[in-house]
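Engineer: So the protein lines, in turn, are chains S and U. Throughout the first sequence, residue numbering follows numbering that gives the first Met the number 0, covering 0 to 481 in sequence. Throughout the second sequence, residue numbering follows numbering that gives the first Met the number 0, covering 0 to 506 in sequence.
Keep in mind that the hints were calculated from the coordinates and are not lab data. What you are looking at is a predicted structure, and each value in this text was computed from that prediction instead of being measured. Don't be surprised by glycine CBs; every beta carbon is placed ideally from N, CA and C. The reader is advised that the hints may include incorrect statements.
Said to hold, decoys possible - DMTMM-like mimics (lysine to aspartate or glutamate), calculated; alpha carbons at most 25 angstroms apart, straight line:
1. U/K158 with S/D303
2. U/K21 with S/E113
3. U/K158 with S/D361
4. U/K364 with U/E477
5. U/K21 with S/D303
What the hints assert, rightly or not - The following label-pair restraints were derived from C-beta to C-beta distances:
6. U/S149 with S/P373: 21 to 31 angstroms
7. U/A3 with S/P373: 26 to 36 angstroms
8. U/K364 with S/G374: 50 to 60 angstroms
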Amino acid sequence: MPEINWLAIFPELTLALGAAAVLLVEVQWKPRASTLGWLAGWIVLLAAVFTVFQWVWAGDQLAAESTGRLVTFSGMFLVDGMAVYGRLALLGILGLGLAGAHGLYEALGRRAAEAIAITLLAAAGFSIMLSSNNLVLTFLGLEVGSIALYVLAGLTRERKGSDEAALKYFLLGSFASAMFVYGAALLYAGTGQFEILAIRDHLAAVIVARPAVIFIGLGLMLVGLGFKVSAAPFHTWAPDVYQGAPAGIVGYMAAIAKIGGFITLARIFVTGVIEYHATWAPVMAAIAALSMLIGSVVALVQTDVRRMLAYSGIAHAGFAMTGIIGGEIEGVLFYVVAYAVQLIGGFAVITAVSGPEGSASDLSEYRGLWRRNPGLAAGFALLLFGMAGIPLTSGFIAKFGVFSDVWATQPWLVILGVLTSVVTLAFYLRITVIMYMEGEEGDPIPARASTRWVVWIAVGLTILWGVIPGTLLSFVADAFAL
Amino acid sequence: MLTALVLMPVVAALVVLAVPRKRHEIHLPLGVVLSLAPLGLAAYLFWQFEPVAGMQFVVDVPWYEPWGIGWRLGMDGISMPMVVLTALLVPIALGASTAITKRTREFVVLTLLLEAGMLGAFVATDLFLFFVFFEAMLIPMYFIIGVWGSDRRIYAAFKFFVYTFFGSALMLASIIAMAVIHSSQTGAASFALSDLANLDLTMGAERLLFAAFAIAFAVKVPIFPLHTWLPDAHTEAPTAGSVLLAGVLLKLGTYGLMRFNLTLFPQASVDAVWIMGALAVIGVIYGAVVAIVQPDLKRLVAYSSVSHLGFIVLGIFALTSASLQGAVIQNVNHGLTTGALFLLVGMIYDRRHTKAIAELGGLQKSGPMLAGFFLFMTFASIGLPGLNGFVGEFLVVIGSFPTLPSLAVLAAIGVILAAVYLLWAYQRVFHGIPEGENATFPDLTPREIALLAPLVALVLLIGLYPNILLDRIAPSTEAVLDQVQAVTDYEVPYPGRLVDVFIPGEG
């Protein structure tokens, strides 16, 4: 009789059943898109309530034990601080994503239900991925999440750009997933274990005579996850997908892939194979350095805001990865959530300016935005400053955190990181120049209420976490006391 | 108290933000009135300030304890004059901004936020907090230059931001390094200046950290050869931007060198005396020579800043009592006189819409008041005895002589060159017979006189009775020297220390 604790998977279950419910409601009552959106919103809230409850309940359960984690489903699934934190972050982003995609759902008409259901499923997949203790289940979550994302990229398939983005994402993405699963298989071959905690214990107890197969396995898994978080040199899909996919959903897609990818990366590498830290850290450092360089330098020459954010996302993947390289978790967890919030807020602005379905977002569309919609311009500027890591925004605290984590082992990465931050600043500034200092003319750009909410929540969190970092940092720290 | 000082401008900015966008006539006057509140508080603090070493009005509230960052504020004789100067220049700069007619609300809000950043940076005694203020103030200044500047404003704003951000990026890495070293040595994380000053650094590490901090501040000062952003930024910025940039922002560089480089890395500072001193003197001479040939009046004043700031850096690294006091007081002086010169250039520009020296001439006939003020500030800037510039430059040169005699002599040439470029510019702009638009040049209005009058009064006050500042500065600069001597094998050569010359309080 396998040991099963249903409560542990309630949030994912809620999302999956919710997705089904959305589809059924559509079949039965054919409501408007926003009604379905509200339904999805309540589902998210319910899942969040379960997650919080789970945390409180798990905390009580674990008070007697000292492992700090609850392992259930015969070691497949675990609830620990990292999982709860990741789930809450995913659910928050999901809520913002649903609101930000409001315009897209309306434009999709009768297909809105599918889109909303897939949006929910994507989060469910990544949620499983980051709470999994078994590499097979991790792969399952990864695929559920990724396939949902491929579909989201192709939502407006009438447009060539969207079609192309979805196909490119799918082909490269499945290749990366295959790499991951091959890597997991090799890790199994080397250790005889699929469970991350068991791998950790095994490596701590046994001196592996021929670790090469483990190293290759780890390398392949790094490739697979590196693809998901768009780290160089596995980044080539990102600009095309960011540009081609419907604007309304890109921010969400990018944000949850980053959260899921980085937390899983931290779980496998920092929790699982910390024994081989000295081996994988230099490889990851090289990837991080390459990401920072390619992301920041190539972004400089972009003329499309979405491609620019894609390259900046590559640089951010490099920054966030520096946190893991130090063998620490706190910095990267803060980083990825702070960045995800900025990203989804930024794409909400893009949605308003370029339309929810639009594929191109040329820089010139932003000329004189301060006059055409002062609120959007101010919000976008603040989010961009947050991404640049200017103090008093969460981006600064985030960079500070990951750089502090890595300084002791790889100080050169910090130097490279701060210097590439200067380069990234240049293109963030370029957008503010265009918004505030050029173009006196232009028609007002209206923004729907849901977009405004997403932007202002993102801005609010960016500043809150920047001014009082304890509001999120102490939460991250608490999560590990669990 | 200091918390209130830093937060007051933020509150003022929020108040202005509450005024409707269209009410242009309200924004500026409201901004001026609100910015008088920090000035009042700064004056009160000046009054309450005890002329002893060490931080006063200390505030220490944890910010995020596990990281050891804190809201740590304090004021000593080095920062006190800068705080007063900042609080004084903001209302004046705002009052001089009547030429700004578009987006006035945003302009006032950004200027007030800039003030909060500047005040915060001067009173922060936590490295993390200092860095936050140091960087955060870039954004308002960037927008002030980029939105309200003249033709090449975008280029100038961009260059200003990226240059400074580059410098501070290295400083950020060093701050992280110091915090990591601190927690490995003591087991506790802290960013407090007083904790980090006691680090046990290897020579190599200390020199690297010194270099990173020095580059960050050298960009800000600016020290040759990192000065190229300055002429662009000053020239393109609106008058208020130039005044605050020259008056306060540059001083953050010299202030930072004194507060952080000397106290955190005394040994490296002593080792770098010749390098920093030589770069400073190159700046003095180079800035002056380039200023002579400038065809643009505002650019001329901008290059004169490069020259004058060189004096201050020389004073800091000459490491004697007189030179350090001279550096601090020259910080104030330069803010007063160059701030006033930028105001005057702005007033000329408002009337004539040109800054080209060749197009001006004979303004003394048509605008005698303006000419009078300009001449007065020119003399102050050159360092005529009886005015403030003399006190600062004299102290720096005489203080540098015991330690860096050759550099002191070379720097003195800069004083002569200053007379050349400023008086020559004065001659070309104000002498002669006015023609065309120059003949119908309107003289100063009462508002403009009211803006300049406090600066004139302070120039005279410091020139005639410098002890009002020196008495408050000296204990703190002496403490810096004491610390340098205690930690390193450096001995201030006779008669470099204050006690060599006279006994404090009786001299």
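Engineer: Name the hints, by number, that the structure is in violation of.
Structural biologist: 2, 4 and 5
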